[in-house]
Each structure stands twice: as C-alpha cells, then as structure tokens.
Amino acid sequence: MVCPYTWDVPGGVMAHVRDLAEALIADGHHVSVLAPASDDAPLPFYVTSAGRAVAVPYNGSVARLAFGFLSANRVRKWLREGRFDVLHVHEPAVPSVGLLACWAARGPIVATFHASFQRSRAMSVSAPVLHTALEKISGRIAVSDAARKTLVEHMGGDAVLIPNGVTVSRYAEAEPLPGWGPDGGVIGFLGRMDEPRKGLPVLLDAFTRLAPERPGLRLLVAGPGDADDVLAKVPVSLRERVGVLGLVSEEDKARAYHSVDVFCAPNTHGESFGIVLAEAMAAGATVLASDIPAFRRVLGDGQAGALFETGDAGSLAREAAALLDDPACRANLSAEARLAVRKYDWSTVARDVVRVYETVTSTAAGGVEEEQQGRGRGEAGRVPEGVRAHGSEVS
Amino acid sequence: MTATTVILVVGVFVVLSAVYISWRAGRLDRLHIRLETARAALDAALIGRAAVCMELAASGVLDPASSLVLAAATHEARTAGPEEREHAESDLSRTLRAVMDQERFRERLADTPAGPDLMAELDTAVTKVIYSRRFYNNAVGATRLAQRRWLARTLRLAGHTEYPSYFEIDDAEPASLAQQS
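As they're listed, the protein sequences go chains U and E. Reminder that position 95 of the first sequence reads as 399 in the working numbering, one-by-one numbering, no gaps. Reminder that position 20 of the second sequence reads as 27 in the working numbering, one-by-one numbering, no gaps.
For the record, the hints were derived by calculation from the structure and aren't laboratory data. C-beta: ideal position from N, C-alpha, C; glycine also. A couple of the hints might just be wrong.
Straight-line alpha carbon distances no greater than 20 Å define the calculated EDC-like cross-link-like pairs of lysine to aspartate or glutamate that follow [what the hints assert, rightly or not]:
1. U:Lys537 - U:Asp498
2. U:Lys537 - U:Glu477
3. U:Lys647 - E:Glu180
4. U:Lys381 - U:Glu673
5. U:Lys453 - U:Glu673
6. U:Lys647 - U:Glu673
7. U:Lys647 - E:Glu114
8. U:Lys381 - U:Asp323
9. U:Lys647 - E:Glu128
10. U:Lys647 - E:Asp130
11. U:Lys537 - U:Asp556
12. U:Lys647 - U:Asp343
13. U:Lys647 - E:Asp70
14. U:Lys647 - U:Asp449
15. U:Lys647 - U:Asp331
Among chain E residues calculated to face chain U with C-beta under 10 Å, some are [as the list claims (entries may be wrong)]:
16. Thr119
17. Pro123
18. Arg155
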C-alpha cells in the first residue's frame, strides 16, 4: 500500500491507510506500506520509509510530499523486494510516491481516491504523464460520493464506492475528561468550529435557549478553530459553562466522546458519511444529529440516535431537552448506536476492499512487477522479476 | 551542406517519431492487457454468482416456487449467447432481488445450517459482479479513447483487436444487502 503524505503528520489519508493496513493484518494478510517519513520518526513494523517529505504548496494548501529521483528509486526497490500480489495506491493523482509507484509498477493496481478537488492547471499541463500512470490502475475506489464525482468529471471513468471505516475498539472504552460529565447535563460537539457547514452556530443558539432554565447544562466543544469566536456567540453570563478544547489528540477525542451525555452533530449539509458521528456511536454516546440523508441513514432513521430538523435551533433544543430528561432513552440509544456502528467498523470495510483485490487479481497473470525502463535503448539492463511469489496471498 | 542538414533533420525526426510511436503502441498494448484481464475477471464474477445462485436454488431453503424461478434465471444466464448475455444477467439480478427481498429472507436463511455461509457467499458474489463490471467498463472507456486517436487509427496500432464494447447490465444489489453494508 502506498500513502502519498508523510507518516509523521496525522491526517485523513494517513489515518485511513493505517487503519486499513491494521485491519488487513488482523485478518491475516501480509501488508507493507510505503510512505514518506523523516529519518528518525518511529514507524510501525509494516511501514517502509520512502524518504523525507518536502513541504510544497500544492492545490491551494501546503502538502508534505516526497518526489524526485531518490524517492523514485526507493519506490522501485520497495516494489522489487516486496513482490506483491496487489499494489494499492492512495491518492494516485497527488505528485508523491503514489504516482511514482503507479509509474514504476506493472500488474494488478488498485487506487483509492479520497479528496474531491477542482481540476488544476498543473494537471492539464502534465496530463500525458499523469494519464500514462493512471491508465494502469485496474480497480478504482472512491471513499465518498464527492470523490467519485470528481473522478467522473475530471478523469473519466467510474469507481466503486467504499466509505471510510471506524476502528470501533479504539473508541469503545475511554476515561472521561476530568471536570466533565457524564453527569446528566453535558452536550458535546466535535468538528471545525469555524466552518458553518458543521453547524456549530445552530448548536450555540439552541444552548443559549436551553441554558437559562437548566442550571446544570454545559457545552463541550472540540475541534480546530478560534475559541474566542465561539464564545462571542454566547451571552456573557453563559460563557463559563462552555468549554472549548480546540484541536484535540486522538486519545483526548475518544475521552471527549465519553465525557458527554448527548453528542450533537448539527451539520447543515454535506458529509456523505459522518466519520465523527460514527466515532461517537462507537464510543456509545447518545447521538443527536441533524436529519440530513447521510445521518438519517447512519442512525437507522432515528433508531440508533435522535434526529432534529436540520438548521433549526428550536427543534434541536426541544430534542436535546427531551433526551437530557430521559436517562432510559439515552441508555437505549447508546446501546443501539454501539450495535449499528459495527457495520462501519474497519473489519467490515476491509472485507469490501479485499473483494476489490480479489476481483483484480483473479485473472491477472502474476503479481506486481517493476515496469521495464528505457524503451528502445539499453533494454538489457533491466529485466523484470517475472514471477510472482508471495507467502500469504490476498484472499 | 544543406543536403546533410536536411538528412540530419529528417533522420532525427524519424527517430523521434519512431520512439514516440512505439511508446504509444506500448501504451495501447498495456491497455489491451488490462482490458482482457478485466473481461476475464468479469466473466469469473458472473460465473461465480451463477454458481452461488444455483446452490441457493438447490439448497432447499427457499420455497419451491422461488427455487424454480431462481434456477431458471440462472440457467438462462449461464447458457445465453454473447448477444443475449447482458439481458440474461440483468434478469438474474432482478430475480435475485425478488427472491432476496422477500420478507425476513435473511433471518430465515440464517436459521438453516448452511444459511450463514451461503449468505456470505451470496454477498460476496453480488458485490464482485458490481466491482468487476465497473472496472471492466473503465478499461473499455480508456481503451476506446486510445484506439480512437488519430495516430492509432492511421497506423493501426491496435492490430486486429476489436473495438471493445461496454457491458451494460442491471446489477443493483438486493435491498437487504444494501442495508447491511
């Protein structure tokens, strides 16, 4: 498996690769991950470093990527020594080791597309190069409808949809954060505080309505963004009852889910799959979410969590009050949520990914090989390994 | 003097275009390999699905009418010629949906000894048809694009390979399957 972004910095794609690799290993497959990493970074046993990543501006933000001759050589060496049955590249269109691996390899290649993006000028300029590499991919996976749409519109062709998973066991048990619930009055929120689509303003509005008549009610907010902006939207008298954690570590995130009585996901739209929602469900939190279609589906039409009218603070306040007053209902929803989230567990998601592997390898002659280099000239130098040989086949 | 230059320029041009053409031919060749592999994978997935359907029909878990309907559709799909294949496979998808979307189908199947295994195989078989068909159609799209290029057409880089056609069937999965994954 190839991860284009550096392993040192936690991120969506990196977490996806890590969780998928661990789920596959737990299932008995042999997995090797190639990712950029700094020389002294501690790496799990299944990760091979592709060299240090360089921070470069790409597609509107700064990405830490690995490219150049050194990386290309490491990719070739890794391919040669690994003798894989399947090569799984993540974000192959990102100019990093993923693209290099597509370029250097031949055989069954699967690619997962994560981001939705606009077609850039750079992509048009380098289209022939990109095309040659991407043409080799025999199975394409998109993690969301948005990513799939991007693919269809900008590169042509389609992909199968396999959403992100959640490692349920990572969230199932955690110590609540000191000074917080569950004490019957804590509402929680997790997500970007400054992005209106995540719906924090709706929640703050509802909190302002509820708090005066409920002295025990508190609000716990976690996620990247400016704390002062959040507090400014709440009346001065209520501010001490709002706790803003800012960006939290993975571990504190799990603890935060266990520190609340009601976890609120007030997203106004978007989110084809609410990863945050699934994590909260894995932690057994009582969920109150807006009734956008994706959430409605994840929560089984309200069976595994309460729903309120999207964007309506009054509706949110009513539902939250009802939940806070009914511990039995909360316990029931929590148990249902733990049950419902199982189908989003990585072990289930990995099963679908393995089916993709089986589809592309079922009839392929041999495993992944190194592409012959030097068309027309000096061909003698490079002969592909030819045979596939791998202990535990992906099946 | 000028003659040498002309020869030189023409020579360089010929070499460059030869390199380019062989690169393009290599690319097309690779696409053809991918297409054939994808086609074989699709065939394997369809045959696999038919086999599981046959097993389900013969398992005695279903009522006789469902069994018969399913067995007939499976037989049609397996024996269909290239012309009717897409129709027959679509019919099998529809029949399978009708059978699997019966009230409490999943629970009833789970109660029988062979049920859970059969259910898992059925899930895998249906998903694989969806995956392999999409991958195959992707490969068809890419190959068609490459074959239609001016250079490929003029120089017949594709050789005697046929112009590939998409495989269009209804492969929507049964609702009871969609719900659980």
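Hints, one by one, checked against the model:
no.: 1; hint: U:Lys537 - U:Asp498; result: 12 Å, holds
no.: 2; hint: U:Lys537 - U:Glu477; result: 33 Å, violated
no.: 3; hint: U:Lys647 - E:Glu180; result: 17 Å, holds
no.: 4; hint: U:Lys381 - U:Glu673; result: 11 Å, holds
no.: 5; hint: U:Lys453 - U:Glu673; result: 31 Å, violated
no.: 6; hint: U:Lys647 - U:Glu673; result: 35 Å, violated
no.: 7; hint: U:Lys647 - E:Glu114; result: 17 Å, holds
no.: 8; hint: U:Lys381 - U:Asp323; result: 25 Å, violated
no.: 9; hint: U:Lys647 - E:Glu128; result: 17 Å, holds
no.: 10; hint: U:Lys647 - E:Asp130; result: 14 Å, holds
no.: 11; hint: U:Lys537 - U:Asp556; result: 25 Å, violated
no.: 12; hint: U:Lys647 - U:Asp343; result: 38 Å, violated
no.: 13; hint: U:Lys647 - E:Asp70; result: 30 Å, violated
no.: 14; hint: U:Lys647 - U:Asp449; result: 19 Å, holds
no.: 15; hint: U:Lys647 - U:Asp331; result: 16 Å, holds
no.: 16; hint: Thr119; result: 23 Å, violated
no.: 17; hint: Pro123; result: 15 Å, violated
no.: 18; hint: Arg155; result: 13 Å, violated
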